[in-house]
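There are 2 protein chains.
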Amino acid sequence: MNARIFAGARRIEAIPANDRGLAYGDGLFETMRAHRGGVPWFERHWARMADGARRLRMALPDRPLVESNLHEMLADGGDGVLKLLLTRGGGGRGYSAAAVTGPTWILTRHPLPPPPRANGLHLRWCDTRLAVQPLLAGLKHCNRLEQVLARGEWVGDDWDEGLVRDTDGNVVSATSANLFALRGDRWQTPRVDRCGVAGVCRGWVLEATGAAEATLSVNDVERADAVVLCNAVRGILPVARLGDRAWPAHPAVHELQGRLSAAHPAFNPTITEDLA
Amino acid sequence: MNARIFAGARRIEAIPANDRGLAYGDGLFETMRAHRGGVPWFERHWARMADGARRLRMALPDRPLVESNLHEMLADGGDGVLKLLLTRGGGGRGYSAAAVTGPTWILTRHPLPPPPRANGLHLRWCDTRLAVQPLLAGLKHCNRLEQVLARGEWVGDDWDEGLVRDTDGNVVSATSANLFALRGDRWQTPRVDRCGVAGVCRGWVLEATGAAEATLSVNDVERADAVVLCNAVRGILPVARLGDRAWPAHPAVHELQGRLSAAHPAFNPTITEDLA
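Protein chains in written order, with my numbering: chain Z, 1 to 276; chain S, 1 to 276.
Bear in mind the hints are in silico, worked out from the structure with no lab data behind them.
There's no promise every hint is true.
Said to hold, decoys possible - Which bits of chain Z does chain S cover? Going by a derived footprint, with three or more residues having C-beta under 8 Å, they are:
id: 1; segment: 16-22
id: 2; segment: 141-149
id: 3; segment: 179-186
This one's a predicted model, so the numbers in the text were calculated from it and none came from an experiment.
For each residue, glycine too, the CB sits at the ideal point set by N, CA and C.
Just chain Z, same shape as in the assembly:
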């Protein structure tokens, strides 16, 4: 794996054994689509990380230094996935961060994931429920055991993703993507103020469609006219099945994918599949 590790502004060889990201998940991350040597949504990713750092009272690295390293790692002009992981740094006594040494940050480059299932994703409901914690809701933080447990509920290729509910039974998202459900001509997506992640692609869809943030039940999702998942690596993915519920292709989904690929050619579904 191609990795660059920094302690503040200084490049280092290895992650310190006392790093608080490792000890407590005391960090934030961004998983970004790279395309033709650039990161089309870098501005949105940086804004979300800055918001997370403010809410967790964590120092940010120097943005120009992050950007210059990111562009060096993409100097071959290729596509892929870039991950930026930020931790509060090393040290402190137990949970107290009073004596931390400043932020650790790590850039890694990864290949694109395999193309999605051709005629739409197959989803299942997860049994794992997400706890309600407004202090962390919306953030792309590194406390992800709930997602690990939910994703661990199935193996094999029968299902592409799982939908998770919160402990009150409201639908939140997939394990690693946000969800939009179409009712008539209106898109809706679960609120992320009690749990869940305020996804970067979710933010784009909200602005592009005027979708509503809503409280969605299992029935709301199963009775929707169409369902899509979205994230910043794969863009907008149609859902073909959720357990026994099946959806045929819907023109509104095709239209939404077309708008995204017009705005950001990285998310042209045809190009993505050509890469397989």
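Knowing the structure of chain Z, use the given hints to seat chain S on it.
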């Protein structure tokens, strides 16, 4: 910092950049009191980690290998704190752990913390609430942002610890210790089946005193005849103040400390203070 890092049975130089402990807090830890070259509660620590690994479907390292390294690190016969951090390992695709490389584990040795305040701890109530998540409750896992936020509510030496409640308002623990409250001649401690950590010292106190696990409100704690905190590094610590509420020394606390130091000389309060 004195650290030994392993990938399965193989000692390695550095933590891999793709370790899931760093990425997701996908791990468990034990913070153990070392005394005269041994770890008096190793059996309890190992049992808790094994239970956590089972619940999180995570591989354990080889126990004799852990123990031999631990004893080598304590070969000077000194006191201190040993931390064992276990992660699910490196790799996998996103949250899926299907392709992990096996457990990463790290042993580090640290000096003893400073001695506690002489006439009992000064506590405050934290505003940070703990989310209710039965799937993770009781475990000493590495998703600790809530504790980091709670401990970040104060700086300086006016307060030694903070008490945290869950999102329903029930008292759970301190940020890094369990709590017992005395009513009459009966000790009570909050349940840890919805959130919180099943502390190793808490387990000893439950067995030694026949204390009750109960749902405790703020009033239950403030009206208690005596309150103590406990953890596996410091043993049993009397509480002198909680905000404006003050408690004088109580013979039942002294008696409990005496029983613990008789069972495990590491926790003799006098010895601890001599080390300052």
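field: 8 Å C-beta test of the segment 141-149 of chain Z against chain S, three or more residues
entry: holds (count 9)
query: Taking 8 Å as the C-beta cutoff, is the stated coverage of the segment 16-22 of chain Z by chain S satisfied by three or more residues?
result: Coverage by chain S holds for the segment 16-22 of chain Z (6 residues, Cβ < 8 Å).
message: Under 8 Å between beta-carbons, do enough residues of the segment 179-186 of chain Z, three at least, approach chain S for the coverage claim to hold?
response: This one is violated; 0 residues, fewer than the three required, reach chain S with a Cβ under 8 Å.
Hint 3 from the list above is the single one not met by this structure.
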